[in-house]
Every structure is written in C-alpha cells, then in structure tokens.
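Participant: At the far end of the sequence shown sits residue 290, using the numbering used here, and the numbering has no gaps.
Since the hints were made in silico from the structure, they are not lab data.
Hints are supplied without guarantee of correctness; some may be wrong.
Under the rule of at most 30 Å between Cα atoms (straight-line distance), these lysine-lysine pairs were calculated in the DSS-like manner [claimed, not checked]:
| # | residue 1 | residue 2 |
| --- | --- | --- |
| 1 | K242 | K131 |
| 2 | K193 | K222 |
| 3 | K268 | K283 |
| 4 | K52 | K120 |
| 5 | K163 | K226 |
| 6 | K226 | K268 |
Cβ-Cβ distance ranges computed for the label pairs, FRET-style [what the hints assert, rightly or not]:
| # | residue 1 | residue 2 | range |
| --- | --- | --- | --- |
| 7 | L25 | T118 | 27 to 37 Å |
| 8 | K197 | K163 | 31 to 41 Å |
| 9 | L150 | N262 | 55 to 65 Å |
| 10 | H161 | F103 | 24 to 34 Å |
Glycine residues also receive a C-beta, built at the ideal position from the N, C-alpha and C atoms.
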Amino acid sequence: MKHHSPLYEAVKPNIGSSFTCLYFLKNENIKTQFWHYHPEIELIFVCGGSGKRQIGSNISNFSNGDLILIGSNLPHCGLTNENTNNEYEVVIQFSKNFLGTEFWDAPEMQRILSMLETAKSGIVFGETVKKSLSEKIRTLSELSYLDKLLTFIEILDELAHTKDFQILNAGKYYLQTQKEDNDRINLIFNHVKDNFKSQISLEEVAGLATMTVPSFCRYFKKITNKTFTQFVNEYRITHSLKLLAEQPMSITDICFESGFNNFSYFNKTFKEHTQKSPSQYRKEFSNIMA
Numbered sequence: 001m002k003h004h005s006p007l008y009e010a011v012k013p014n015i016g017s018s019f020t021c022l023y024f025l026k027n028e029n030i031k032t033q034f035w036h037y038h039p040e041i042e043l044i045f046v047c048g049g050s051g052k053r054q055i056g057s058n059i060s061n062f063s064n065g066d067l068i069l070i071g072s073n074l075p076h077c078g079l080t081n082e083n084t085n086n087e088y089e090v091v092i093q094f095s096k097n098f099l100g101t102e103f104w105d106a107p108e109m110q111r112i113l114s115m116l117e118t119a120k121s122g123i124v125f126g127e128t129v130k131k132s133l134s135e136k137i138r139t140l141s142e143l144s145y146l147d148k149l150l151t152f153i154e155i156l157d158e159l160a161h162t163k164d165f166q167i168l169n170a171g172k173y174y175l176q177t178q179k180e181d182n183d184r185i186n187l188i189f190n191h192v193k194d195n196f197k198s199q200i201s202l203e204e205v206a207g208l209a210t211m212t213v214p215s216f217c218r219y220f221k222k223i224t225n226k227t228f229t230q231f232v233n234e235y236r237i238t239h240s241l242k243l244l245a246e247q248p249m250s251i252t253d254i255c256f257e258s259g260f261n262n263f264s265y266f267n268k269t270f271k272e273h274t275q276k277s278p279s280q281y282r283k284e285f286s287n288i289m290a
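Based on the provided sequences and hints, a complete structural model is requested.
Facilitator: Here's what the structure looks like:
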C-alpha cells in the first residue's frame, strides 16, 4: 500500500521582500494538496470555487472561495485542486519576526500579534471581511516592494480587528514542534487522507506510528483533542457533505463512497455532526442554491 511521506515545506521570501506573496491562476497550485507544514505563517485567499479544507485536526468544506490564516507549524493541505473551480489563489507566507522582534513591541501591533498567536489553531474569515479585502489581496503581488509591505500590514490590521471569523481547531491542536512528532502525525494524517474510503484499523495506524494501540490512542488524543475514530468519521462526513451538495448520487451510494459500511451508522454519525439527516442537508442546500 502506498503512503506519502510527510513533507516539511521550505519557504523563501520573494527577492527584495521580507515575505512571500504568490499568485496562482486556476489549477496552478494543486501541488500543495499533500499534507505539509512549515514554520512560516500562511494567509491564503481563494477567489471563488468550493472544496475541502484540512487544517490541523479540523476537516471542513468551503464554498464561494476562502480566506484563512494558518499559524506556524500547523499541518495543512492546500485548498485548491482540479475540482475546486476557483478563479485564482493568493498565498502569503511570512515568519513571525519578518519585520524584526522589536517591531511587535509597538502598542499598535499588539492586536495583530495576538491574532498570529490565535492562528496556531487556524482562523477562517467570513464573507464580510473576505469581500472587503479581496481587491487588496488580489493586487498585492503587483505592487512595488514598499507598497506591498505597507498594504500587507493594512491587511493584517483589518483581519486583526474583524469579528467575522471562526477558529478551526477550537479545542486546540497540540502539535509538538519536534521533527519526530511532526513526522509521526503527518504520516497518520496522510494515511487517513489516502485511505478514508476503506476500513482503517487502530492496529494499522498504531503500526505506522511504531506504537502500541493503547499508546497510540493516548498520543492521538493528546495531539488532536479527538479520538482516532472521531477524526476519521469527521473526515468521512466532510466528504459526504461535498458529495451531497455537488453529486447526483443516492444517499446510500454516498454512504459507501465516504467510507461507511453501515447505512444506519452513517445516518447516526451524520446527524451527530450536522444535527440533520443527509436528506435534510441535501434539501436545505438545494433550497439555498436555488
């Protein structure tokens, strides 16, 4: 069985700049669909389209684009792929001290500094701030070096002042920064990402982590604040939500396509996560889109 190696991504600032700003047209950034992490903080803006986001132990869908801030060393998958149908994507990567440590001592920067600390759990911003900043973010890569820096600080300041956001890993995501821990949890998450449609046993993943089953269960709960079963079920339910919204498949077929081998258990788990039945969710989503 094939497993992807966990990947540490090396990030380098743009030439002549203290941070990285990358602009991708549709389908140009699909290489980041693998599970990866880096010490740099990352702000991602996806214009249009819909897809799945996996940030830390949170798995959720986005629609009509996305604006998300990912903290240092928080593992994640890229947001766009060949099925996302987004117009473009802007990725901004920067180290916490990209302007020097003393810069953050200024009282004007304290709100931004606090936001960057919160971003260790992942922050997704809502429609209001996403629309407000879309033009600034889109044109950022076209600006001269100083204008680019000043505009980026303006973007961070507006994000730090908005209340239009959600913390993705609200129960905290206790990823250790040691390479051994990063490698181990990334290997497990990659395995779930690649094999969630099949049955995954605790013995199987404990073996990947070179741990006994009891040790693995304690370790995974400490890292993610979830049991392994909860994490896999959340991944499967998120996949089923996308299928219910986008594919003309029967709910029974979606159940099995999402990795559940028991329809009653699928319905029960779906309701626990969404407080709705699969048919209710599909009907309500169709009414919204009509």
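Participant: Next, verify each hint and record whether it holds.
Facilitator: For each hint, the structure was consulted:
no.: 1; hint: K242 / K131; result: holds (23 Å)
no.: 2; hint: K193 / K222; result: holds (20 Å)
no.: 3; hint: K268 / K283; result: holds (18 Å)
no.: 4; hint: K52 / K120; result: holds (19 Å)
no.: 5; hint: K163 / K226; result: holds (27 Å)
no.: 6; hint: K226 / K268; result: holds (18 Å)
no.: 7; hint: L25 / T118: 27 to 37 Å; result: holds (31 Å)
no.: 8; hint: K197 / K163: 31 to 41 Å; result: holds (38 Å)
no.: 9; hint: L150 / N262: 55 to 65 Å; result: holds (56 Å)
no.: 10; hint: H161 / F103: 24 to 34 Å; result: violated (18 Å)
Going down the numbered hints, you'll see the structure goes against just number 10.
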